[in-house]
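Model the full assembly from the supplied sequences, consistent with the hints where possible.
Chains as they are written, first to last, in my numbering: chain B, 1 to 58; chain F, 59 to 531.
The set of hints was computed from the structure by calculation and includes no laboratory data.
Cβ atoms here follow ideal geometry from the backbone N, Cα and C, with glycine treated the same way.
Take every hint as true, because none was put in to throw you off.
Within a straight-line C-alpha distance of at most 30 Å, the following computed BS3-like cross-link-like pairs (lysine-lysine) qualify:
(1) B:Lys-40 / F:Lys-317
(2) B:Lys-40 / F:Lys-184
(3) F:Lys-318 / B:Lys-40
(4) F:Lys-401 / F:Lys-112
(5) F:Lys-302 / F:Lys-288
(6) F:Lys-507 / F:Lys-469
(7) F:Lys-317 / F:Lys-302
(8) F:Lys-302 / B:Lys-38
(9) F:Lys-184 / B:Lys-38
(10) F:Lys-180 / B:Lys-40
(11) F:Lys-507 / F:Lys-350
(12) F:Lys-478 / F:Lys-346
(13) F:Lys-302 / B:Lys-40
(14) F:Lys-484 / F:Lys-507
(15) F:Lys-318 / B:Lys-38
(16) F:Lys-318 / F:Lys-403
(17) B:Lys-38 / F:Lys-180
(18) F:Lys-203 / F:Lys-401
(19) F:Lys-184 / F:Lys-403
(20) F:Lys-485 / F:Lys-507
(21) F:Lys-317 / B:Lys-38
Residues from chain F that keep clear of chain B, each with C-beta distances beyond 12 Å, as calculated:
(22) Ile-207
(23) Asp-242
(24) Arg-244
(25) Gln-247
(26) Glu-377
(27) Gly-432
Computed far set for chain B versus chain F, every beta-carbon distance over 10 Å:
(28) Trp-36
(29) Gly-37
(30) Phe-43
(31) Gly-44
(32) Ile-45
Listed here are the chains, written in short residue letters.
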Amino acid sequence: MHFAPLPYLDPGSGSFLIQLAIAALLGLGVAVRASWGKIKGWFGIKSKTEEDDDESTE
Amino acid sequence: MTNQQNSGQLPASFRDPSGFLFSRGGILYRQVNRAYEREYSRLIESGLYERLVKAGLLILHVEVDKAEGTRAERSEPPGEHSRSDAAYKIIQPERVPFISYPYEWSFGQLKDAALATLSIQKRALKVGMSLKDASAYNIQFVRGKATLIDTLSFETYREGQPWVAYRQFCQHFLAPLALMALKDVRLNQLLRAYIDGVPLDLASQLLPWKTRLNFGLLTHIHLHAGAQKKYAGEEVNPRGSISKRAMIGLIENLESAVKKLNWIPRGTEWGNYYDLTNYSDAAFEHKKQLVKEWTARVKPALAWDLGANNGVFSRVASEAGPYVVSFDMDPAAVEQNYQVSKKAKEQNILPLLLDLTNPSPSIGWANRERDSFGSRGPADLVLALAVIHHLAISNNVPLPQLADFFAEMGKWLVIEFVPKPDSQVKKLLASRDDIFPNYTREGFEATFKERFDIHEAVDIRESERVLYLMKHR
Chain B
1 MHFAPLPYLD PGSGSFLIQL AIAALLGLGV AVRASWGKIK GWFGIKSKTE EDDDESTE
Chain F
59 MTNQQNSGQL PASFRDPSGF LFSRGGILYR QVNRAYEREY SRLIESGLYE RLVKAGLLIL
119 HVEVDKAEGT RAERSEPPGE HSRSDAAYKI IQPERVPFIS YPYEWSFGQL KDAALATLSI
179 QKRALKVGMS LKDASAYNIQ FVRGKATLID TLSFETYREG QPWVAYRQFC QHFLAPLALM
239 ALKDVRLNQL LRAYIDGVPL DLASQLLPWK TRLNFGLLTH IHLHAGAQKK YAGEEVNPRG
299 SISKRAMIGL IENLESAVKK LNWIPRGTEW GNYYDLTNYS DAAFEHKKQL VKEWTARVKP
359 ALAWDLGANN GVFSRVASEA GPYVVSFDMD PAAVEQNYQV SKKAKEQNIL PLLLDLTNPS
419 PSIGWANRER DSFGSRGPAD LVLALAVIHH LAISNNVPLP QLADFFAEMG KWLVIEFVPK
479 PDSQVKKLLA SRDDIFPNYT REGFEATFKE RFDIHEAVDI RESERVLYLM KHR
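This is how it looks when you write it as structure tokens:
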């Protein structure tokens, strides 16, 4: 894979690979949560809005 | 402020090809290079800039006439990569009243800085941008809130690409926070030794074994450190890529790992000496009243409270208007101070960790990246309340050296002399020889008169102590 322009920080090979692995796992989680929300939606259960959930910094 | 007063590029911003900081006529500017034009426009046009500024997450700036930047274009180019980069824009960021560094922050401050960084990254991803660095040094406390001060930290997000600042985030934030929360709060001082954050292999070794049972710490620190070791120096060409959904998962996971880390000062080790003062209520009130009155009289813009404990007198002084930096060497006191200030949404108090007997040195490349404590001064007013006996007796600093030190730190000085008959001093002398024949009220006044004009000297009611207002000559 090629990223342009080159990052000015060196992400580090190991850091990159572990990030890839963790993200793959977590992406799965996000996908499951998203479809769970959809399923709940079919039954008319509203899930919490995702928009601006950064209460800690508001 | 020394570095900022030399007109020219500031030494802390040499690394970034997108632009650099410079100062002219005492005002701080940031040059945006041509190379960064697209990213800068996107930051503004996407509305991200406005949203972040509104949330107090990004420093406010105004664009100024490029002529303001002529000094910058004439000045030394910041590095090879920018020689072909003319100025695209010159911006003037809001002034940060006092620059502080992560090794001077309490646990809560570092945690809030980490959460601010992740919150910014989440908001950036929503509009197709991403932080290209996650340096703790890019965060400063502005009006009491952790705020990103590097406007040029954003780049266009390309789906599939990893978060280039992931390693930096783990080193600058997650590792020190985990060490502080789960090992020892004093390990934040590793940040003073390692300017690019705590090396993950070191953090992994120091953390208790049980942290391997915590998914966030297991992956982002322990396995991360292992992967770094295994693939050190290898060129990776992985087939996989990180979907946007996975990227958001990663950021949210880091966020939850950070949120789970807590440090609450308790027990006998930390934080119970606040009740151990030898002050009567009347003495305490008298001292408060004098501090308030004198601060109002000298009208400082910047005040330093050295040895502030949990900030009681910093608050008294701040009522008279100045921005007060409230220093103490006890991590529990600084944490308490910060939590009080955060809860009350105070905008003009900055609690910081500082050991006066060994204050923050200048560190980084050529010792010029991060300023020492002293070079970030002088303040208009220095408060040194109930601190002189610790320096003169516990740390054996002779009085003339103390006078020199305080004279360098500020123009005005409010200092409390705590004489030998005082019970706190008796305690300090109980287990050692009294080798301080000059440590008397007369000796103190004679010594400080050589550097200061004494404007006031008031005996504090119901105590042995004297409070002085002096002006540096």
